[in-house]
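Residues 1 to 177 in the working numbering are what the sequence shown lists, from first letter to last.
What the hints contain is simulated information worked out from the structure, not anything from laboratory work. Take these hints with a grain of salt, some might be off.
[Stated by the list, open to error] Here are the simulated distance ranges between beta carbons:
#  : residue 1 : residue 2 : range
1  : G23       : H150      : 36 to 46 Å
2  : A153      : L65       : 27 to 37 Å
3  : L17       : E157      : 34 to 44 Å
4  : E146      : W55       : 12 to 22 Å
5  : K2        : D95       : 33 to 43 Å
6  : L65       : E24       : 18 to 28 Å
7  : S39       : A83       : 16 to 26 Å
8  : E146      : T93       : 14 to 24 Å
9  : S137      : D158      : 18 to 28 Å
10 : E90       : S137      : 18 to 28 Å
11 : E146      : T29       : 36 to 46 Å
Note that CB positions come from ideal geometry on N, CA and C, so glycine has one too.
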Amino acid sequence: MKKYIYGYPSLVACEGLLWKLTGEEADVTEDENFDATNSLWDHLEKKYRVGSGSWDDCFLRGTFLGERSQVLEIVYPPIINTALLIYLHEWLTRDNNSWRIIIPTFLSHRDALVIYANRVIYGSLICEEKNSDLLASIANRMLLLELYQHTHARAVEDDALPRPANKTSQPTGDSNK
C-alpha cells in the first residue's frame, strides 16, 4: 500500500513517502506526468536553455516518480534566482497547482528547493520568493562543487556570478505550519 505525505513538506520530510497536495487527489498517471513534463519543458524553453549540455541552464528529468513532482536539475547555478522561482510559479499557478518542482542542490543529502504554487521550501524553512540572498548563497555554494566546475568560465564571461542583494529578506517560519 502506498504511503503519502500531504501539504507542503520539505524533501527530507518526504523520505520514503509519496507526496500529494491533499488526500482527495487521485493518483497521478504516467500519461499525466508525461503531459506535465512536456508542458513545463515548453514553458522553460521560452526563457532558459533546457538540456544536459555544458552550456545549457537546466535539465528537466521527466521521471515518473508516482507523484505530481517534476525534478529540475540545474546545469548552470547562476540561474538560481528570484526570476527563476517567479517563472516556475507562473507554470505552477497556470492549471498546475497540484504539482511541485524539486530543484536538487547536491549540497547535502536531499538538500533541495521545493517549489509549490504558493510557497518555496528550503530545508525546514518556508522561504520568501524574493529571498535573493539565500538563492545567491545556494548558487555560490553549488558553484564550488566539482560537479559545476565546467560552469565557472561561463559565469565569469556572463558576469553572472551570484551576488547577495543589498536588502535581506529572511525565511519565515517552519514548513510544518
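Hint check results:
1. G23 / H150: 36 to 46 Å: 44 Å, holds
2. A153 / L65: 27 to 37 Å: 34 Å, holds
3. L17 / E157: 34 to 44 Å: 42 Å, holds
4. E146 / W55: 12 to 22 Å: 18 Å, holds
5. K2 / D95: 33 to 43 Å: 25 Å, violated
6. L65 / E24: 18 to 28 Å: 20 Å, holds
7. S39 / A83: 16 to 26 Å: 20 Å, holds
8. E146 / T93: 14 to 24 Å: Since E146 and T93 have Cβ atoms about 36 Å apart, the given range 14 to 24 Å is violated.
9. S137 / D158: 18 to 28 Å: Since the Cβ atoms of S137 and D158 sit about 19 Å apart, the hinted range of 18 to 28 Å holds.
10. E90 / S137: 18 to 28 Å: Distance hint for E90, S137 holds at roughly 24 Å.
11. E146 / T29: 36 to 46 Å: With Cβ atoms ~38 Å apart, the hint holds.
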